[in-house]
Every structure is written in structure tokens, then in C-alpha cells.
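There are 2 protein chains.
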Amino acid sequence: MKRIEVIPIPGIPEVKAGADLGAEVLRALRRAGIPLLKHDVVVVKQKVVSKSEGRLVLLSKVKPRRRAVQLAKAERKDPRVVELVLREASEVVRSGHGVIITRTKQGFVCANSGVDRSNVGPGMAALLPTDPDRSARRIRAALEKGSGTELAVLVTDTFGRPWRLGQTDVAIGCSGISPLVSYAGKKDRFGYRLRVTEPAVVDELAAAAELAMGKLKGIPAAVVRGASYVRGDAGAKALVMPRERDLFR
Amino acid sequence: MKRIEVIPIPGIPEVKAGADLGAEVLRALRRAGIPLLKHDVVVVKQKVVSKSEGRLVLLSKVKPRRRAVQLAKAERKDPRVVELVLREASEVVRSGHGVIITRTKQGFVCANSGVDRSNVGPGMAALLPTDPDRSARRIRAALEKGSGTELAVLVTDTFGRPWRLGQTDVAIGCSGISPLVSYAGKKDRFGYRLRVTEPAVVDELAAAAELAMGKLKGIPAAVVRGASYVRGDAGAKALVMPRERDLFR
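These protein sequence lines are chains X and V, in that order.
Residue numbers are given in my numbering: position 162 of the first sequence equals residue 144, and the series is strictly consecutive.
Residue numbers are given in my numbering: position 248 of the second sequence equals residue 230, and the series is strictly consecutive.
Just so you know, these hints were derived from the structure itself, not from any lab.
Every value quoted in this text rests on a predicted model; they were computed, and no experiment measured them.
Virtual Cβ for every residue (Gly too), placed ideally from N, Cα, C.
Any given hint might turn out to be false.
Listed below are several chain X residues computed to face chain V (Cβ distance under 10 Å; list not exhaustive) [as the list claims (entries may be wrong)]:
no., residue
1, Gly173
2, Thr179
3, Val183
4, Ala190
5, Glu226
Quick list of in silico lysine-lysine cross-link-like pairs, DSS-like style, CA-CA up to 25 Å [as the list claims (entries may be wrong)]:
no., chain 1, residue 1, chain 2, residue 2
6, X, Lys199, X, Lys(-2)
7, V, Lys(-16), X, Lys20
8, X, Lys87, X, Lys59
9, V, Lys45, V, Lys55
10, X, Lys59, V, Lys169
11, X, Lys219, V, Lys197
12, X, Lys59, V, Lys168
13, X, Lys169, V, Lys(-2)
14, V, Lys59, X, Lys169
15, V, Lys199, X, Lys168
16, X, Lys197, V, Lys20
17, V, Lys45, V, Lys59
18, X, Lys(-16), V, Lys197
19, V, Lys169, X, Lys197
20, X, Lys87, X, Lys55
21, X, Lys20, X, Lys(-16)
22, X, Lys219, X, Lys87
23, V, Lys219, X, Lys197
24, V, Lys168, X, Lys197
25, X, Lys169, V, Lys199
26, V, Lys169, X, Lys(-2)
27, V, Lys(-16), V, Lys168
28, V, Lys20, X, Lys(-16)
29, V, Lys168, X, Lys199
30, V, Lys59, V, Lys197
31, X, Lys169, X, Lys(-16)
32, V, Lys197, X, Lys169
33, V, Lys59, X, Lys168
34, V, Lys(-16), X, Lys(-16)
35, X, Lys168, V, Lys197
36, X, Lys197, V, Lys(-16)
37, X, Lys20, V, Lys199
38, X, Lys20, V, Lys197
39, X, Lys(-16), V, Lys199
40, X, Lys45, X, Lys59
Full structure from sequences and hints, please.
Below is the structure:
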């Protein structure tokens, strides 16, 4: 019976725009004496990916438009942050109680379009990577080249959920792994045919990795070893619910 | 740097109503040579908990009311199953595309009030435990007594999410663990004060455990070892978004 291991990667330094994140992760793994094994899943937090891709914004340079000022007032937020939230959004899904839920240009529904001020330094905000699947592909290419082994890579962020308090990490980008595993049409041991069972494996891996990384320990990456998954390259964008099946749109 | 391990528990037999699930888990652990260590989190799937609590229903005994027949027709479902879904629901949140999203009497929003025909045998359906936090407390008491060590227990189920395809496991019951860890008011390493960061640790643990259990392997329980959590007994019901903060109600 296969065990799964979640291994935090310590010692990744503060990453600057233009940094080769794959190379940084490889160096940290080497220093920590953690080898990469075939089909390991390397999970990297969005924040460090955004930093490496230059997706930090100095708030003092942001000029909020009228709509941002109004929404910021209603939700008691910084109008410059709200301006960024609106720029990153394709629509505002809901707002209220100091929360702005948007659909990002990538298609994900989350708070504040993923714009976040934590762990980036004073007066700064981080935006999501423009194309987190592409980020994951790039990091995977670097890690596979450096390690000579076949891997999967996730880029993860922390999302809230409607109806349920708290947040969990989910995959906003992935490479080398199929985001969903479909059991539709498979039979259980009583012969009952499953219809909709389709675990979002990348989101479960993201959540597992978060447990080892935490929020304030400065650990932006982890290795998940021993998990079963299907290789593929649909990307996390394949998790976006198509409009015609969306009951909440 | 602490690693987390997810250990599937093999050899739990098919469970009957009235079975002492804690004792079954302990026996399986002993046979598999897996000791329980202090603060291990034992994760048990809802289905096996429901079975042990006699929450299986023979569909041939269910007489659907008019509303169930209508909804079943609209969503092309078995009217007897829909009858159970409605009985277990406090409200229907949405329906369409063959999906019925309800709020359960426990307060969780999920598909079909958690009523499910997989892995229960022909002509049968499983309902959620009446009080999954109580189920978790009972199992924990048995496991702590048998092992002489302090543990946490989760009862988990597979939930879909709006806007995102696929499902992940979440905790519908928990004991010995605080479902959320609040970072509100804590400062990041740049001095920025976090405001809403509150990981739903039990849901991340549930997702991690699912990776080791799968859907068709007949493994209804796992141990998660090495995860940091806060002890507490608020139960998973504390995850239900209060009405006054709910933007999707």
C-alpha cells in the first residue's frame, strides 16, 4: 500500500524578477539533500512565481479609476489595490462584507482577482502570473532538465470557497499532470457504475503541499511523492467550469 | 523541516450497521503493522461511517413525493434518490444539468445532500451521518482508548465546487482538531499584517488523505502524520459560513 510524502523545500531565497525559479528550486533541493524522484510533484506557490515573473506592483504608482474608488469605499479597501483587482478581473462576481469576488482573466473565481499584499514587502502587491500553466511548464522544463527525471509541477494559490469558511490551496497552473481523473463509467466493487466522480487531483495535491508549507514560514515550495496521477498537459485552465455547465453564473 | 506522511489503512472489512468502526480501524492498523503516534490525524470516509451508523436506505422502500418526482424528471434522476435528497436537505440551492445542489440539515452545501449510490451495493443509497462531528468524536474516543495516544479524527466526503470542475474531499466532521487556523493579525516577514488568512486545515488534510485512498480501492481510512494543527473541538460545523457573511445565499 503506497504512502504519500509531502516534503517542504527549505532555503529558497527571496526571489527577484527575472530569477530562474526552476534553478533556485534545484539548488535548494541539492543543499537540503532532497533528490527528485520519477513522477514527484513539485508544488510552487503563486507568490514566488509572480515575483520571478515581475508581477509585483508598487501601489504608489497605481492611479485608481472612479469605479475602483467607489468599490474601495464600499468595501473599505485600498482604492489602489481595488484598481489592480479590477484590472485583473473579467467580471466582479460578488462584493460585500469587505470582500470582492472576481473572475480573473484566466477564468478562476477567487477573492480580489488573486491580488495580494502579504509576503511581498511594504507598499507592494502581487498579481497572479499572466499564464500560470505556462509558468508551470517552464519550471517543469528546468526541473526535468536539471534532475534528468520526469516530473509534474503545480503553481498553487490560496482560494476561499462559498458557503465554507477558511481557504485551501488549489492549483492555478499545472504541467505534466492531468488536473482531473475521471472515474465516469467505471464500476465500484458492487457493479454500480460511477457517473460524475472526477477528483481534482491537482487541487488535492495543492492542499496537501500547503500543509507542509504554511503561511509564514517562508517555504514557497514542496515535493509530493508517491501520489498516483495521470500524466497530461491540459493545464489548470481545464478546471474552469464551462459557462454552459455553470449553475452559479 | 517537517515532512508529512499520508498512510492508507488497508484491510478494513465491509462494515455493517452497528459495527464499532474505531475498533475495526484499530484492528486493521495492528494487522498492517501501523502504530498510531501522538497527534496523528485519522481520516475516515463518510461512506464507511454512514454504514456503521445504519445510514443505508433500500431504494425500493422509498416512496417519492410529488416534488421529488418532478425534480427527478427535470434532472433525469431516480425519483427515489431525489426523495432522499430532499429529505436530507434544508433547501435546494440550485438545480440544472442533471445536478441538484442542496444545503444539508448539517448546513453543508453539496450535490444531492451527500446522498450517494456508489460503494454501497445494488438498490441501496447512503445518507450522510446525522451528526458527523459526533461520529468523529466517537471514533476518536475508541482510537485514543485503544492506542493510548492523543489523536485527531476527520470524517470526510467528496464535494464539488462552483466554477471549478472536479471534486475534492473535505471534512464534514472532526474531533480533536480545530478546523481553521487563523493568521488574522499575524505579521509576515515584511511586517505586513494578515487580515483574512485562515487555512481550513481539516479540508487540506481531507484532500491529502484522499490522494492515498482513491475512489475504487476499497480503502476507507488513512493516517496523516506530521501535520501541524491546533487542537480543539469546534467540529466541522464551525466551517459553515454564517448567513450574515454569506455572499452566495
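Structure-based check of all given hints:
Hint on glycine 173 (chain X) holds. Least Cβ distance to chain V is approximately 7 Å, under the 10 Å limit. Against a cut-off of 10 Å between C-beta atoms, the interface hint on threonine 179 (chain X) holds, since the closest Cβ of chain V lies about 6 Å away. The interface hint given for valine 183 (chain X) is met, as the beta carbon of that residue sits about 7 Å from the closest beta carbon of chain V, less than 10 Å. A distance limit of 10 Å between C-beta atoms decides the matter here; for alanine 190 (chain X) the minimum to chain V is near 4 Å, and the interface restraint holds.
Given the 10 Å rule on beta carbons, the hint for glutamate 226 (chain X) holds: about 8 Å separates it from the nearest Cβ of chain V. The straight-line distance between the Cα atoms of lysine 199 (chain X) and lysine -2 (chain X) is roughly 18 Å, inside the 25 Å bound, and the hint therefore holds. Note on lysine -16 (chain V) and lysine 20 (chain X): the hinted pairing holds, with a Cα-Cα distance of about 22 Å set against a maximum of 25 Å. Between lysine 87 (chain X) and lysine 59 (chain X) the CA atoms are separated by roughly 21 Å; this keeps the pair inside 25 Å, and the hint holds.
Proximity of lysine 45 (chain V) to lysine 55 (chain V) is assessed by CA-CA distance (about 15 Å); at most 25 Å being required, the pair is judged to hold. Of the pairs offered as hints, the one joining lysine 59 (chain X) and lysine 169 (chain V) holds, with about 18 Å between alpha carbons and a cut-off of 25 Å not exceeded. Between lysine 219 (chain X) and lysine 197 (chain V), the direct Cα distance comes to roughly 24 Å. Compliance with the 25 Å bound is thereby established for this hinted pair. A C-alpha spacing of about 19 Å is found between lysine 59 (chain X) and lysine 168 (chain V), which places the hinted pair at or below 25 Å, so the restraint holds.
As the CA atoms of lysine 169 (chain X) and lysine -2 (chain V) are separated by approximately 21 Å, the hinted pair is consistent with the 25 Å bound. Of the pairs offered as hints, the one joining lysine 59 (chain V) and lysine 169 (chain X) holds, with about 18 Å between alpha carbons and a cut-off of 25 Å not exceeded. For the hint pairing lysine 199 (chain V) with lysine 168 (chain X), the CA-to-CA distance comes to about 12 Å; that is within 25 Å, so the pair holds. As the CA atoms of lysine 197 (chain X) and lysine 20 (chain V) are separated by approximately 24 Å, the hinted pair is consistent with the 25 Å bound.
Distance hint between lysine 45 (chain V) and lysine 59 (chain V) is fulfilled; the C-alpha atoms sit about 14 Å from each other, no more than 25 Å. Between the alpha carbons of lysine -16 (chain X) and lysine 197 (chain V) the distance comes to roughly 15 Å, so the proposed pair stays at or under 25 Å and holds. Between lysine 169 (chain V) and lysine 197 (chain X) the alpha-carbon distance is near 10 Å, which keeps this suggested pair within the 25 Å criterion. Our distance criterion of 25 Å between C-alpha atoms is met by lysine 87 (chain X) and lysine 55 (chain X), whose separation comes to about 24 Å.
With a C-alpha separation of about 15 Å, the suggested pairing of lysine 20 (chain X) with lysine -16 (chain X) holds against the 25 Å cut-off. About 11 Å separates the Cα atoms of lysine 219 (chain X) and lysine 87 (chain X), which keeps this hinted pair within 25 Å; it holds. Between lysine 219 (chain V) and lysine 197 (chain X) the alpha-carbon distance is near 24 Å, which keeps this suggested pair within the 25 Å criterion. In summary, the hint linking lysine 168 (chain V) to lysine 197 (chain X) is supported, as the alpha carbons are separated by about 10 Å, within the 25 Å threshold.
Taken as a hint, the lysine 169 (chain X) and lysine 199 (chain V) pair is honoured in the structure, with Cα atoms around 11 Å apart against an allowance of 25 Å. For the suggested pair lysine 169 (chain V) and lysine -2 (chain X), the alpha carbons sit about 21 Å apart, so the restraint of at most 25 Å is met. Distance restraint check for lysine -16 (chain V) and lysine 168 (chain V): the Cα-Cα separation of roughly 22 Å lies within the 25 Å cut-off, and the hinted pair is therefore satisfied. Between lysine 20 (chain V) and lysine -16 (chain X) the CA atoms are separated by roughly 22 Å; this keeps the pair inside 25 Å, and the hint holds.
Distance restraint check for lysine 168 (chain V) and lysine 199 (chain X): the Cα-Cα separation of roughly 12 Å lies within the 25 Å cut-off, and the hinted pair is therefore satisfied. Of the supplied pair hints, the one linking lysine 59 (chain V) and lysine 197 (chain V) holds, its CA atoms being roughly 22 Å apart against a limit of 25 Å. For the proposed pair lysine 169 (chain X) and lysine -16 (chain X), the alpha carbon gap of about 22 Å is at most 25 Å, so the pair holds. For the given pair, lysine 197 (chain V) sits about 10 Å from lysine 169 (chain X) by alpha-carbon distance, which is consistent with the 25 Å threshold.
The suggested pairing of lysine 59 (chain V) with lysine 168 (chain X) holds, with an alpha-carbon distance near 19 Å, which does not exceed 25 Å. Our distance criterion of 25 Å between C-alpha atoms is met by lysine -16 (chain V) and lysine -16 (chain X), whose separation comes to about 20 Å. For the hint linking lysine 168 (chain X) to lysine 197 (chain V), the alpha-carbon distance of about 10 Å falls within 25 Å, and the restraint holds. With a CA separation close to 15 Å, the supplied pair lysine 197 (chain X) and lysine -16 (chain V) stays within the 25 Å bound.
A distance of roughly 23 Å separates the Cα atoms of lysine 20 (chain X) and lysine 199 (chain V); the hinted pair therefore holds under the 25 Å criterion. A C-alpha spacing of about 24 Å is found between lysine 20 (chain X) and lysine 197 (chain V), which places the hinted pair at or below 25 Å, so the restraint holds. For the hint linking lysine -16 (chain X) to lysine 199 (chain V), the alpha-carbon distance of about 12 Å falls within 25 Å, and the restraint holds. Annotation: proposed proximity of lysine 45 (chain X) to lysine 59 (chain X) holds, straight-line Cα distance about 14 Å (limit 25 Å).
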